[in-house]
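Heads up: the protein sequence lines correspond to chains A and B, in order.
Under this note's numbering, the first residue of the first sequence carries the number 35, and numbering increases by one thereafter.
Under this note's numbering, the first residue of the second sequence carries the number 12, and numbering increases by one thereafter.
To be clear, the hints were calculated from the coordinates, so they are not data collected in a lab.
Remember, it's a predicted structure, so these values are computed and weren't measured experimentally.
Yeah, the Cβ is synthetic: ideal placement off N, Cα and C, and Gly gets one too.
Any given hint could be a false lead.
Unchecked claim - Just a few of them, taken from the derived set where beta-carbon distance is under 10 Å, the chain B residues facing chain A: (1) I154; (2) L155; (3) V157; (4) F180; (5) Q309.
What the hints assert, rightly or not - Pair ranges (Cβ atoms, derived): (6) B/G306 x A/F366: 52 to 62 Å; (7) A/R311 x B/L102: 32 to 42 Å; (8) B/N225 x A/V58: 32 to 42 Å; (9) A/A252 x B/N225: 28 to 38 Å; (10) A/R378 x B/M217: 50 to 60 Å; (11) A/W231 x B/L198: 48 to 58 Å; (12) B/M217 x A/N69: 51 to 61 Å; (13) A/L136 x B/T318: 17 to 27 Å; (14) B/R136 x A/R378: 20 to 30 Å; (15) A/F366 x B/L198: 31 to 41 Å; (16) B/Q309 x A/L135: 25 to 35 Å; (17) A/L352 x B/P308: 34 to 44 Å; (18) B/P177 x A/T122: 54 to 64 Å; (19) B/E168 x A/A296: 35 to 45 Å.
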Amino acid sequence: MNQAAIRRFVTRTSYLFPLALLIVVIMINYSRQDNLLEPSVLNRNIRVFLPLMILAAGQAIVIIGGGIDLSVGAMVSMCNAVLVTWITPESGGGEIMLAILLTCLIGMAAGAVNGIAVAYLRLQPIVTTYATSFIFAGIALYVLPRPGGQLPRDMTTLYRRLIEIPVFADIPIVRDIPILNEIPPAFVVILGIILLWAFVRQTRFVQYIYAAGDNPEAAYTTGIPVQLIRFGTYVVAGLFAALAALALTMSLGSGSPTSGDAMTLDSIVAVVLGGTRLRGGQGGIIGAMIGVVILGIIRNIISFYDVPTWSQTLVDALIILIALAAPGLIRFFTRIIREYRISRGHIT
Amino acid sequence: MIETIRDRVQGANRISPPLLALMLAIALFFLGELVADGFVNFNQATNIVRLAAFLGIIAAGQTLVIISGGEGIDLSVGAIVTLGAILTFRLTEGRAELIVPVLALVLLVGLLIGLVNGIGIVFLRIPPLVMTLAMAGVVQGLILLVTRGQLEGETPEIMSQLISRPLIFDLPGVVFLWPLLGVGMWLLLERTPYGKMLFAVGINRMTAKLSGINVPLVVMLTYGLSGLLAALGGFVLLGFTEQVFLNLGDRYLFPSIAAVVIGGTLLSGGKGSYWGTMSGALVLQLINSLLQAAGLPQAAQLIILGTVLLVLISLYGRQQAFRQ
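Given only the sequences and the hints, what does the whole structure look like? Please build it.
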């Protein structure tokens with residue numbers, strides 16, 4: 035492979051650096067927690083990471099399309115409040131399904147508000163979604179004035195089992211294959227998402243998202259409905275926020291009017307850690323999900339290395355800062371080395 | 012060419028955003044009388060200007076950063092405000108003679124944090140949004156590590172007297188300090204080489220570079236100034252709160268951005284003014300005071316605030332359409 039081909043490969047594979055970083059943090063975590071790779075521990079970790087993974091995937095789609103959504107956290111709070119208000123410990127299956135369906139619609143409606151304001155009224159995404167986050171936070175507080183609510187036991191156990199249930203252990207033939215029957219279901223969930231994305235990636239809608247984010251004017255000139263696509267990305271983010279809220283509610287078992295607020299900024303950091311640039315038109319949701327796992331494992335490491343309580347925030351922030359700076363640092367030093375070699379006459 | 016001419020024609024007919032925001036602020040103030048009896052009086056006006064002044068001072072650096080363009084935004088101002096207030100609180104321990112050296116130290120610390128932001132953004136090409144967000148985490152972490160949650164200290168008596176208590180004609184000192192900063196910011200933006208370079212960098216970095224401007228230096232300096240002004244904001248804020256909390260500055264972070272946008276400064280950079288930000292801060296404070304005076308439940312206050320912000324942004328925060 036010549037140099038140009040290598041460079042093209044690296045720029046197109048935006049997951050390369052996040053993947054390397056993921057391996058590094060997993061190795062550091064493993065050095066202190068040697069049961070990290072056991073199915074039960076893996077599954078427990080994924081269960082904690084899953085709400086933010088879903089949310090970051092939605093955020094990634096908005097960012098790829100050239101926008102940003104600062105209201106996703108408030109949407110999670112709102113959907114969490116709605117879910118625990120509608121679903122009581124006595125709710126039956128049909129009632130629960132209806133509540134989940136309606137919550138998804140509420141999330142999409144909230145996303146549509148953002149989408150109309152940003153795509154059709156052409157308002158600045160950052161301030162617009164900041165403004166709408168107040169509206170969603172207000173609705174969350176109106177629906178659920180104070181923390182509370184309770185899900186049926188079945189739902190919380192279902193969430194645990196959804197991820198922990200040995201998927202392949204009950205299927206004939208497969209259960210006799212040594213490695214396959216031990217694959218933790220967490221991997222199946224992740225593999226499913228990757229396959230789904232690989233499939234969706236080829237659809238026209240997603241191709242248009244990339245085009246609209248990369249160069250909106252050019253996309254518009256070639257006949258891509260840029261406004262509709264932008265609107266669509268926000269609706270998708272709203273749906274993902276509702277699904278993230280469902281996962282969060284099922285893992286917590288209760289609700290709080292501010293449960294998702296802190297997730298907004300984490301979702302953006304995860305997207306950037308995952309190799310998606312904020313300018314749009316590049317990246318993907320898999321990178322964003324890797325970013326969430328990196329963030330989560332960094333927090334694991336901090337707890338396993340017995341970092342003193344008062345320095346935890348600092349250590350956490352510094353590691354994130356270094357991770358964000360690493361690609362730039364590598365670029366910076368390779369440029370300096372290159373210039374040095376040119377000045378010495380090694381390269382012309 | 013046609014576009015610029017049309018822009019000029021439209022610009023001639025349109026009221027300038029800072030003026031519009033100011034008119035809106037005055038209208039909102041008198042609207043207050045409808046919401047709550049006795050809202051319109053001298054004390055209330057002073058109080059609103061005083062509260063808006065803190066936001067206005069904190070938003071000064073944000074204005075510079077946003078004018079510099081390149082997706083410029085500073086999410087570390089909240090943490091730096093907290094740091095500035097806590098440093099002053101702890102180091103002076105109420106002694107008046109230490110105020111000036113501590114202020115110098117606080118400003119220096121703010122400047123340094125801002126410069127680090129600038130270095131990350133310019134040389135490591137980290138997007139401003141995440142660079143300053145991560146920096147906010149680092150500053151918050153430093154505060155926790157050093158204080159260990161124990162916020163001991165004292166506010167010098169003279170600070171609260173000079174800043175937030177009636178000083179001249181029953182007006183608190185900050186009401187004079189703020190316009191003074193406004194004049195300083197106007198001079199900086201309109202009458203110094205730095206200001207001219209800042210606008211040039213904000214409009215188009217490539218053309219700025221080609222016309223001989225040291226773009227990395229200007230951008231770094233801008234983030235440095237933002238850190239310095241946020242630290243000043245924390246110092247001044249302490250004169251009002253007289254107490255510190257670990258999240259003292261957080262609630263000023265996004266309002267500082269909103270104030271800049273309401274004041275007509277473009278988030279895409281290259282256009283804006285500090286007068287606009289001052290009017291924006293007044294508008295935001297008035298909305299808050301009105302909502303509180305109306306005695307609505309918290310949920311309704313949030314929903315109305317969000318809706319009003321949305322309406323304000325749509326007044327002149329619109330981007331260009333594609334069909335041009």
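Do the hints match the structure? See the list:
1. I154: holds, 9 Å
2. L155: The hint holds - B/L155 has a Cβ within 10 Å of chain A, the shortest such distance being about 5 Å.
3. V157: holds, 9 Å
4. F180: Where the cut-off is 10 Å and the nearest Cβ of chain A is about 36 Å from B/F180, the hint is violated.
5. Q309: holds, 6 Å
6. B/G306 x A/F366: 52 to 62 Å: Distance hint for B/G306, A/F366 holds at roughly 56 Å.
7. A/R311 x B/L102: 32 to 42 Å: holds, 41 Å
8. B/N225 x A/V58: 32 to 42 Å: holds, 36 Å
9. A/A252 x B/N225: 28 to 38 Å: holds, 32 Å
10. A/R378 x B/M217: 50 to 60 Å: Violated - the Cβ-Cβ distance for A/R378 and B/M217, about 30 Å, lies outside 50 to 60 Å.
11. A/W231 x B/L198: 48 to 58 Å: holds, 53 Å
12. B/M217 x A/N69: 51 to 61 Å: holds, 54 Å
13. A/L136 x B/T318: 17 to 27 Å: Taking Cβ atoms as reference, A/L136 and B/T318 lie about 23 Å apart, which means the hint holds.
14. B/R136 x A/R378: 20 to 30 Å: Once the Cβ atoms are compared, 26 Å apart, the range 20 to 30 Å for A/R378 and B/R136 holds.
15. A/F366 x B/L198: 31 to 41 Å: Check passed, 36 Å falls within 31 to 41 Å.
16. B/Q309 x A/L135: 25 to 35 Å: holds, 29 Å
17. A/L352 x B/P308: 34 to 44 Å: holds, 41 Å
18. B/P177 x A/T122: 54 to 64 Å: At 56 Å between Cβs, range holds.
19. B/E168 x A/A296: 35 to 45 Å: For B/E168 and A/A296 the Cβ distance comes to about 38 Å; the hint holds.
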